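A.B. asks: Model the full assembly from the supplied sequences, consistent with the hints where possible.
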Amino acid sequence: MKRAVWVLAVLLSHWRRHPMQLATLLVGLIAATALWSGVQALNQQARVSYDRAAALFGGARTAMLIDPAHATFSQAAFVALRRAGWPVSPVLEDRVQVNGRSVRLLGIEPVTMPAETASSSAIDRNDLHAFVAPPGRTLVAPEALRDLGLVAGATPRINDSAELPPLQSQPQLAPGVLIVDIGVAQRVLGKPEQISRLLVGKTAHGAGDLPDKVAGATLQWVAPDSETDLARLTDSFHLNLTAFGLLSFLVGLFIVNSAIGLAFEQRLPTLRTLRACGVSARLLNVVVVVELVSLALLGGLIGLIGGYVIAAALLPDVAASLRGLYGAQLPGTLSLQPQWWLAGIAMSVLGALAAAAASLVRLARLPLLAAAQPYAWQQAQRRWLLRQGVLAAAMLIAAVGILIFGDSLLAGFAVLAALLLSAALALPVLLDGVLRLGGKGARGALPAWFWADSRQQLPGLSLALMALLLALAVNVGVGTMVQSFSATFVRWLDGRLAADIYVSAANETQAAEIRRWLATRTDISAVLPGARTEVQIDGAPVEIMGVADHATYRENWPLLRSAADGWDRVHRGAAAFISEQLSRRLHLDVGSRLRIDAPGGDWSLDVVGVYADYGNPKGQLAVNIDALLRHFPDTPQTRFGMRVAPEHIANVIAAMRAAFHLDARQLADQATVKAESKRIFNRTFAVTAALNTFTLGVAGIALLTSLLTLSGSRLPQLAPLWAIGITRERLAVIELLKTMAVALVTALLALPLGLLVAWCLIAVVNVKAFGWRLPFQVFPMQLLELLGVAMVAALLATLLPILKLARMQPTTLIKIFADER
Amino acid sequence: MLKVVSLSKSYRSAQETVDVLRGVSLAVARGESVALTGESGSGKSTLLHLIAGLDEADDGEVWLEDVRVTGLPDAGRAALRRARLGLIFQQFNLVPSLSVADNLAFQARLAGRHDAAWLRELIARLGLDGLTKRYPEQLSGGQQQRVAIGRALAVKPALLLADEPTGNLDEATADEVVRLIRDLVARSGCGLLMVTHSARLAAMLDRRLHLSGGLLA
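Going line by line, the protein sequences match chains A and B. The opening residue of the first sequence carries number 210 in the numbering used here; numbering runs sequentially from there. The opening residue of the second sequence carries number 2 in the numbering used here; numbering runs sequentially from there.
These are calculated hints, taken from the structure and not from any lab test. Remember, it's a predicted structure, so these values are computed and weren't measured experimentally. Hints are not guaranteed to be accurate.
[What the hints assert, rightly or not] Pairs of lysine to aspartate or glutamate, EDC-like flavour, derived with a Cα cap of 16 Å:
no.: 1; chain 1: A; residue 1: 400; chain 2: A; residue 2: 372
no.: 2; chain 1: B; residue 1: 4; chain 2: B; residue 2: 33
no.: 3; chain 1: A; residue 1: 1024; chain 2: B; residue 2: 57
no.: 4; chain 1: A; residue 1: 649; chain 2: B; residue 2: 103
no.: 5; chain 1: A; residue 1: 887; chain 2: A; residue 2: 703
no.: 6; chain 1: A; residue 1: 827; chain 2: A; residue 2: 743
no.: 7; chain 1: B; residue 1: 157; chain 2: B; residue 2: 184
no.: 8; chain 1: A; residue 1: 1024; chain 2: B; residue 2: 56
no.: 9; chain 1: B; residue 1: 157; chain 2: B; residue 2: 116
[Stated by the list, open to error] Quick list of simulated restraints, FRET-style, between CB atoms:
no.: 10; chain 1: A; residue 1: 596; chain 2: B; residue 2: 187; range: 45 to 55 Å
no.: 11; chain 1: B; residue 1: 16; chain 2: A; residue 2: 214; range: 24 to 34 Å
no.: 12; chain 1: B; residue 1: 141; chain 2: A; residue 2: 653; range: 23 to 33 Å
no.: 13; chain 1: B; residue 1: 18; chain 2: A; residue 2: 226; range: 21 to 31 Å
no.: 14; chain 1: A; residue 1: 642; chain 2: B; residue 2: 130; range: 26 to 36 Å
Glycine included, C-beta positions come from ideal geometry on N, C-alpha and C.
C.D. replies: Shown next, in the form of structure tokens:
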């Protein structure tokens, strides 16, 4: 043991003499762990919140009994099953309008609520009496309270009729839901003695034990689902975040790899001396691993703290993205579980071991005496480049194979990963080719040395350059996708938001009053009523949207393709346009036929067009509004669009606000709605932009640390040049030019690779993740801007080692030659 | 051709000040080869570094032909080393990324004094025929040192400074290398100042200077 401690002390003394190298190693570990664990913290936070929402609704996570034929059934079934020993609890649920907003009202019975549903803990035992006894309580999440524009203690009316019990803010509740006692729910919803479902607690009973009829109802057992709808919907978003986290992690490991590689090279004489002094190879290997794991633990812990800070900083934007894209609600504060800490530390340790693998293998095979170099650097480099080239070609073939045969979101990401890996492996081969070409054209001693030395430096710099290539390509790819999306989104908004003013009435009564009022106005050229309902098609929710037959829609609707007489057939009521995501999911296209279960009987619709519906997680159908109301008579008609001459818009809004006390959320002009949509859009991609910047930053650090570590090891190569008459300043300029040249070639290669990444994101990943495909566009100014950023990053990374060289004291350079003074 | 006048140099550390050179004066004529001997730490390498302008003296002067080296700025000293000096080190210090041929021609090209005929002669005299396409790491120590000698002489320097050029070589190779240096110096007409520990090698040169305690004996 003492021997091991002594060996460890000898190894650690290296870091005392090379503090910069230790800092580099730790920076790599910290950056890798921080970005990875930051992203995982966000994912974990989101998943916990989806689970809570699912458990709270008493939905997917709890077994339940429903009546498949009816929305509600008699409460007598609850009584009968309880008497038969079933641990069931009744729930009544419906959508209601509160303050002009649609929310879910959930009536529960807290005493019989199964312990495993989070709802039971949401109601404190002390508050149980206040919750069930008149006037009762309406439990609501703080976010929902804010969203409704209400305060705790208020007693809002639902659907402008029945009054709810006083509101009470409850932080652990899912937003978008109001929870009341089931008795209150039955009263305010006008459904006495009715329930929507029965939650089943942990029981020995199973689906097979259920009687055919319970109090006259045929109940169906619905098994608990391990994954919630929200989790399924948001999978692609979290996969995106994970992919970014993994990329940053890999870039961080590049730094660790280069630092460990250099430290190994510098410690070779020490390691040989230790072996010569009688330290066994086994002990030496064990101590090196112990040293590495200790450093990884230190870096991992600091990285985790960094990850927490990153996650906390990004959480508001992630929450906005999830709300904007999927309607998923995330609480505003970060709470992390012990698994997160353990997983972060494990990633740091495993990452460090992976990054050090090559050095550890070399150590295990280290001969006691230094052997002469079997190959010249050129021959060794040729072998290395050949190996890299073969691997790059193999990865490229794999990428093409997955692209052709793969058919999932994961396959889409696998294509991207294989493509990026292939490009990274091919980079040194390409750079070597470029530098060799440069060398052939060189005239004079210094230019010849410039190119030859650049080639020789390649193995030392290649990992950092690969990191730069990957970071830049991903930046170009994601940037191009976001820009393409942005340009398409703006055009699409122009098509979808063609009306001049939008109004959403608080309820049907107010909607009728507004309709009558609108009829009297001469400054309104057209009223475009809208209505929406939701149905299930193939087990997934689909929106049906009723649109009026008006030139506004005919001229602006964002149709991707349609039958020649599409609008006329939609107007006649037996045809529909479908959204692109629904078209892809159900494999429907123009000419297909669709059947919908409607209260008024089956509704058969011909598909006569496909339109873009970006940002909507659900499939959507656009039908004629009159036909929709015939088949779904209960559909609320509370929304309108209006065509108004631009000069009258402000007057009409002011008059409506005065007449109906509508707030900004209920009444807005086109420009305001568009601005709000664009704000949400931009917020959605704020996370992507932040992670993009982080990744590029880490790549810059990788380049800096590689150059710093190389600058030390390159002194024996530079000192003779100084000795034979090249000034330090000139050497510094040459070194700067060399790094900038390889960085420029790398950045130029990153541009086409990035465009390929963008194509993969748009044509493969987006289609699988969201169901829509954007038109691919190239933005030259954006590419130039990124090229500039890359060169500035390379310049900044080069500057410190270059200044160090330019200001180096002659005594430092002389040490290379002198073995005595 | 080389004139050193009262050259002094000391190094300061936190604990003490070490006077390495204490007013050293010497001269080397064109075509003359001089050995500089002394114990370890006697200041031989420091003296060589000051003459080459690699380091700056505290006091005294170094003249190479008509140029006062000690008064030159860094760029001037670099230009002088490039064109008028040839340096040979114990560690060879070749450029690993360049082939033997490129290493040989490197300094001469840099100084704009490349002479293909002279280089061919050097290659032949140094016995490097057949090795010119190799890289330094593919050569033995003796071969590498011969390349270093060739590089230093290719520029046709006024003065050749050699710091323990045989320190890494066996006795027979060392003798052969010193003989080569001496002959080539005579052939090119430059001066030679060579640091060595070996009395046997020193005896092969025209004159011997001994440095002890920072002074020439």
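A.B. asks: Confirm or reject each hint.
C.D. replies: Going through the hints against the structure:
1. Between the alpha carbons of residue 400/A and residue 372/A the distance comes to roughly 15 Å, so the proposed pair stays at or under 16 Å and holds.
2. For the hint linking residue 4/B to residue 33/B, the alpha-carbon distance of about 13 Å falls within 16 Å, and the restraint holds.
3. Proximity of residue 1024/A to residue 57/B is assessed by CA-CA distance (about 14 Å); at most 16 Å being required, the pair is judged to hold.
4. For the hint linking residue 649/A to residue 103/B, the alpha-carbon distance of about 13 Å falls within 16 Å, and the restraint holds.
5. Between residue 887/A and residue 703/A, the direct Cα distance comes to roughly 12 Å. Compliance with the 16 Å bound is thereby established for this hinted pair.
6. Between residue 827/A and residue 743/A the alpha-carbon distance is near 10 Å, which keeps this suggested pair within the 16 Å criterion.
7. For the given pair, residue 157/B sits about 14 Å from residue 184/B by alpha-carbon distance, which is consistent with the 16 Å threshold.
8. A distance of roughly 11 Å separates the Cα atoms of residue 1024/A and residue 56/B; the hinted pair therefore holds under the 16 Å criterion.
9. With a CA separation close to 9 Å, the supplied pair residue 157/B and residue 116/B stays within the 16 Å bound.
10. The supplied range of 45 to 55 Å is met by residue 596/A and residue 187/B, whose beta-carbon atoms lie about 51 Å from each other.
11. For residue 16/B paired with residue 214/A, a C-beta distance near 31 Å keeps the hint of 24 to 34 Å intact.
12. At about 30 Å, the beta-carbon gap between residue 141/B and residue 653/A stays in the expected band of 23 to 33 Å.
13. Here the CB-CB span from residue 18/B to residue 226/A is close to 25 Å, well matched to the stated 21 to 31 Å.
14. At roughly 32 Å, the beta-carbon separation of residue 642/A and residue 130/B lies within the given 26 to 36 Å, and the hint holds.
When each numbered hint is compared with the structure, no violation occurs for any of them.
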